[in-house]
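Spelled out, the chains give:
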Amino acid sequence: QQQVKQSPQSLIVQKGGISIINCAYENTAFDYFPWYQQFPGKGPALLIAIRPDVSEKKEGRFTISFNKSAKQFSLHIMDSQPGDSATYFCAAFLGGNSGYSTLTFGKGTMLLVSP
Amino acid sequence: SQTIHQWPATLVQPVGSPLSLECTVEGTSNPNLYWYRQAAGRGLQLLFYSVGIGQISSEVPQNLSASRPQDRQFILSSKKLLLSDSGFYLCAWRVLGSYEQYFGPGTRLTVT
Chain Z
1 QQQVKQSPQS LIVQKGGISI INCAYENTAF DYFPWYQQFP GKGPALLIAI
51 RPDVSEKKEG RFTISFNKSA KQFSLHIMDS QPGDSATYFC AAFLGGNSGY
101 STLTFGKGTM LLVSP
Chain L
1 SQTIHQWPAT LVQPVGSPLS LECTVEGTSN PNLYWYRQAA GRGLQLLFYS
51 VGIGQISSEV PQNLSASRPQ DRQFILSSKK LLLSDSGFYL CAWRVLGSYE
101 QYFGPGTRLT VT
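Respectively, the protein sequence lines represent chains Z and L.
Under our numbering, the first residue of the first sequence carries the number 1, and numbering increases by one thereafter.
Under our numbering, the first residue of the second sequence carries the number 1, and numbering increases by one thereafter.
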């Protein structure tokens, strides 16, 4: 099963709060899990990514938590700011890094951080 | 450093007209190239990808085609646009052997 299920569809968080977006996958062959951030009218930008051999990766205010046994991973945005308001996509990469591998994306989460 | 360009940035075309969108990557050789479409408020749909010159894989059968005439150039085309072809078209690239995939700025296509 190639699907990646992302939740919630939309999220409103107060400034300074923690934003949490969750993704679940079925295929245990996925071996790379990136998150993308997309502002309106712009292309998605690679935000942070994790391999399944680690349980957590942190870059600044952004953290990926990875639960291999549950086949779930999540993005945490600490001290959320209005500038973080964007659509976030999780994704999973199948088949190592061969040329014929493609990303499987979740459907996206629209995050609004209220001032 | 690597950069990716897409043009035009916006395009308004009548139904039945042809289409040609171009994507060019600089600063790398033999990248994997991808075309995605994003409908308003929706997710990312992979349309085509290419692992080399002249090599195109289609993910979704539809009114569109893709070509890769040069190593770092990827073109999305249509002979006759449909209303349903409207959307935000994104080109992306990835270096073979790495995991990171990067998107271009996109082309907003409106078919009227």
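Bear in mind the hints are in silico, worked out from the structure with no lab data behind them.
Check the hints yourself; a few may be wrong.
Here are the simulated DSSO-like pairs of lysine-lysine, each with C-alpha atoms no more than 30 Å apart in a straight line [to be verified]:
#, chain 1, residue 1, chain 2, residue 2
1, Z, Lys57, Z, Lys15
2, L, Lys80, Z, Lys107
3, Z, Lys42, L, Lys79
Hints, verified against the model:
no., hint, result
1, Lys57/Z / Lys15/Z, "holds (23 Å)"
2, Lys80/L / Lys107/Z, "holds (29 Å)"
3, Lys42/Z / Lys79/L, "holds (27 Å)"
Comparing the model with each numbered hint stated earlier shows that all of them hold.
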